[in-house]
Amino acid sequence: MRIHKLEIQNIRGITSLTLEPKGKNFLISGPNGTGKSSVVDAIDFLLTGDITHLTGRGTKGISIKKYGSHLDKRKQLEECFVSAEMTLNNKDHFTIKRTVLTPDQLIISDETQLDALNNALTLANEGQHILTRREILSYIATEPSNRAQRILALLNLSNIEDMRQSLVKVVRHFKEKDIRLEGILDAERAQVASILQTPNFNDEILLEFINTQRHILGSEPFIELNLQEIRAGVQYSDERRNKTEGIISLQTELENLKNFTQKQGNQLRSLDFELRQKLISLLTNPELAHALEQHKLTELGIELLDDSGLCPLCEAQWEPVELRVKLETKLQLGEQAKILREEIDSIGKKIAELINFLLSSLRRVTAIASQINFVQEASLRNWQLEIENFLAVVKNLGTEYIKYVSEQVAVGFITPQIQSELTNLESELQLKATVISPEQEAYDRLVQLEQAIRSWKRADFANQQSKTEFNFAQTLQQEFLASRDKVLNDLYEQIRERFEDIYRRLHFEDESSFSATLTPSDAGLNLEVEFYGRGKHPPLALHSEGHQDSMGLCLFLALAEKVARDRMSLIILDDVVMSVDADHRKNLCKVLNESFREFQIIIATHDKTWHHQLRHEGVIHKNDTVEFLSWHIATGPRINEKIDVWEKIDEDLGNNDISAAAHKLRRWAEMYFAEVCERLGAKVLFRQDARWDLGDLLHPAIHRWKELNRKATNTANSWDDGDKRKELVEIGDQFGKAVERTQAEQWIINPLVHYNSWLDLSKHDFASVSEAFKDLTDYFECPKCGKMLSLDNIITPKSLQCSCSKTNWNLKMKDEK
Amino acid sequence: MNDESLFDKIIGELRAKLEQNENFQQALIDQTINILKQPNFKIEDMTKLIESSANEDANQ
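Chains as they are written, first to last, in our numbering: chain B, 447 to 1263; chain S, 20 to 79.
Worth flagging that the hints you see were computed from the coordinates, not collected in a lab. Nothing here was measured: the structure is a model prediction, and the numbers come from that model. Hints should not be assumed to be uniformly reliable.
[Unchecked claim] Within a straight-line C-alpha distance of at most 30 angstroms, the following computed DSBU-like cross-link-like pairs (lysine-lysine) qualify: (1) S:67 with B:841; (2) S:28 with B:1008; (3) S:36 with B:615; (4) S:67 with B:1094.
Generate the whole structure from the sequences, applying the supplied hints.
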């Protein structure tokens, strides 16, 4: 996608503006507050129907209709629009237009372009077309999950992340179901246990109980346990059916409750004591708790450890033996903690079994108490609630258990008051019950047991099934993650390599061996970067702000290259190099020139140095710029589209405004010769405040040029290259004359006069000086590519050349090694 | 970069992995993939499929 012409009417701070980037890189420069960002907003609006920084997070829902338009045109929204003439994949030109009145509607002149355009606009909707100062760190400082979401969105794979989240919910659903059914299974088993009057039972106990009842009923005992038909062969006429049936059968539960303290109380107290001791040992010892948390990690660390002493987890350098000893000590502690945790879980399970047994009887008792309107029913229900709360604490064994007041546990949950209530209930029940025979009682117990076993087996079946479901869901989730990572890892690897490469090219002086890792986790994408040979760390941890900005920019560019090249190929950089220093910016220009030629790059900046670097390095052609000079709310930005200082000076001279012309020439010359001094390695007198003026820069620049010209001439001589020597001598002579015309030497000799004296010149005299400076630039730039000449190496230069190599002065003598 | 193929690659990879798992019958895999490929797939559809599959296994 390339923008050839952009028309903005009444958008943000702009009333009316037409720019013509002609599909090429384009520079929008000017001081802060002159409306540059309104152009960026306008392009954003055109492509997305939105202005991301207005309506995004933290903006409290500022609306496009209210604040997207120019403030004076809020009632004429149809007059607030952006349109652009553009091309896709360098094919036919077409126009798109969007108005603030209908921001969701994109008007397109050529419907056949719609599919390809939508493909590009999908990326724009994810914000890939614009990088602003505000957003630059979002690539670096963001949470791994946000980074992953952003990249997946760019890859048009948001549905993959949605899928992952849905599968997590599916797994959670089955996990919760499994926990619930496990609780039901425990309760149903406890119901069987309560009939058998023992919390722990096995097939032998079951068989003995059944045969005891069968014996009372005069039936043959079972040799083997048959839970399907425990009343098989029982000849008993079950004719008694009256309202007290349930009450009579409750006798077992009442006995269970009344005897709980005596029969299971001691066991409960002993288990409780043991559990508390072990929990305190584990939870109040941070070292042990930490070792448990990191046990698996430590195991993995030891497994990956080699003899280099490099930590396989964080890449810190250790003495090899020291690291192994440390990890082994940690592993031993972890093993100790793991055993302790297993013991805790085992004791917890035994306590839960006892409590379930108690609850099973209690629930039936409270139900019957309610049925007969027992006066102390509320007290029984409170008691039941308390025990249920305790069971919840037992199932989640942690600090809550230590804090749980153990008075109830100490008396086996049967307080004297409860004992008394149970006795009252029993008396009341006996009054209402008819006397029944032992055979009837045995028969009732078998019926009860049969029903309880049926429920228990049903719960067991449901529980097994829920485990199958959980395993199924978990496997599906794991295989999905593995599949996603396998496919995306390859892509992430390409992005990482590109990110590394771009960053190294920007920072080759001090971080030429920079490396990074980009690794997916469940929901995230972790980024870690090398810090000067001291291992990999999060970018925010150690790198400077400028380096972080560089990284954000490099990651954005790497993504743009991998994700957007074939779909959008438009990059808008809005003041993104503020913290990046001049050398690295120059390197950035090279990267943009070498690797992003297929993109149209639109750059907004208030930074004059960056402006000049972009021009001199050839990222931006001198005519592909617009300068925003000032801004007024009623009229919008005042612009100067062609930043040609000579035209502007001529204009000032035409108006007889020597002062303005002199000011422009001086400002321009200061920036220009600062760049020359840097590129030629000229010796400039050091100033702590770094505020060199033209007097500080011009002479060193001229002197250095002459020095290099002499060196190049001598070099040509040493190579017997007469033609080159002659050419260089002639250029040197012409250069001397050009310098003379600038009258530079006069001002250098007399610093008191300085450049302010330009103000005293006549229009004609100043025009000569201006012309002389313009001519002088020819000697610092290549006549073919127009780019400024540079030394290949400032310290030990071997050549002075331009980017296209048309100008190339050899500085290495024939006999020089 | 063809995003459609990236998505398909992930789904294809998942299908291959499930096919290697003996607990997953072909019909179940097909239905699972169909649900996953639906835009904004419903969690209920997946839980019902898993429940009916586990039920079938248990009754066999």
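Going through the hints against the structure:
no.	hint	verdict
1	S:67 with B:841	holds (29 angstroms)
2	S:28 with B:1008	holds (17 angstroms)
3	S:36 with B:615	holds (21 angstroms)
4	S:67 with B:1094	violated (75 angstroms)
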